[in-house]
Amino acid sequence: MGIINKSQLFEYRNANRYINENLRYFSAESKVGKVSVFLSHKHDELKELDGAISFLKKQGVSVYVDWLDDEMPKSTSGVTAQRIKTKIKENSKFILLATEGAINSKWCNWELGYGDYCKYLNNIAILPVRDDYSDFSGSEYLQIYPRIEYVGYMSVPRKIGGYFDEGYYVIMPTNNEGVSTYTKLSEWLRR
1 MGIINKSQLF EYRNANRYIN ENLRYFSAES KVGKVSVFLS HKHDELKELD
51 GAISFLKKQG VSVYVDWLDD EMPKSTSGVT AQRIKTKIKE NSKFILLATE
101 GAINSKWCNW ELGYGDYCKY LNNIAILPVR DDYSDFSGSE YLQIYPRIEY
151 VGYMSVPRKI GGYFDEGYYV IMPTNNEGVS TYTKLSEWLR R
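According to full-length UniProt numbering, the sequence shown is numbered sequentially starting from 1.
Keep in mind that the hints were calculated from the coordinates and are not lab data. Wrong hints could be hidden among the right ones.
Said to hold, decoys possible - Here are the computed lysine to aspartate or glutamate pairs in the EDC-like style, where the Cα-Cα straight-line distance is at most 16 Å:
id, residue 1, residue 2
1, Lys89, Asp66
2, Lys42, Glu100
3, Lys47, Glu11
4, Lys85, Asp116
5, Lys6, Glu45
6, Lys87, Glu71
7, Lys58, Glu187
8, Lys34, Glu90
9, Lys85, Asp69
10, Lys184, Asp165
11, Lys47, Glu100
12, Lys57, Glu11
13, Lys89, Asp116
14, Lys119, Glu90
15, Lys87, Asp116
16, Lys85, Asp66
17, Lys6, Asp44
18, Lys87, Asp69
19, Lys85, Glu71
20, Lys6, Glu149
21, Lys42, Asp66
22, Lys184, Glu166
23, Lys184, Glu149
24, Lys58, Glu11
25, Lys6, Glu100
26, Lys87, Asp66
27, Lys57, Glu187
28, Lys34, Glu187
29, Lys106, Asp44
30, Lys159, Glu177
31, Lys87, Asp70
Predicted, not measured: the structure shown is a model, and the values here were computed from it.
Sequences are here, hints too, so could you generate the full structure?
See the structure below:
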């Protein structure tokens, strides 16, 4: 089990299209009947964004990315912040693509705080992505949020015996008894 590294995330990228073509496709597709996710991200991390969108799309959800929104102002302003607030409220789920750049971004931290206010624990998660398997020292506040992680074959024992199935899970923060709840990502996205 662990934080997703960048090379794993990049495996979800569509090798047959350039990043901007891929992102335009995602913004134009039908959103009818799909769970929608507001994906908070660092704007200059296009490869990571492309991989995350592809990863989430494989889960059958619609992904909202602010800079692909034609109604977003061309230059950052208070109107931008208001529009982002509206979109965070409108989307069912909020996921922070938690790269080191995003964690250091004022906008991403602002979006995470507002997402926390609007969604709280059941509809918010971080998708930690690192160059390696290191943790997020210095950003311990991220520990209060559910996180999306990959659980390997027979790597996490269940309290009732046996092991969690291999796959992606949303892992809730550890409770007072030191226990974390695991929910399959596909199930969490449909709640």
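Return the numbers of the hints above that this structure violates; sort them in rising order. Violated: none.
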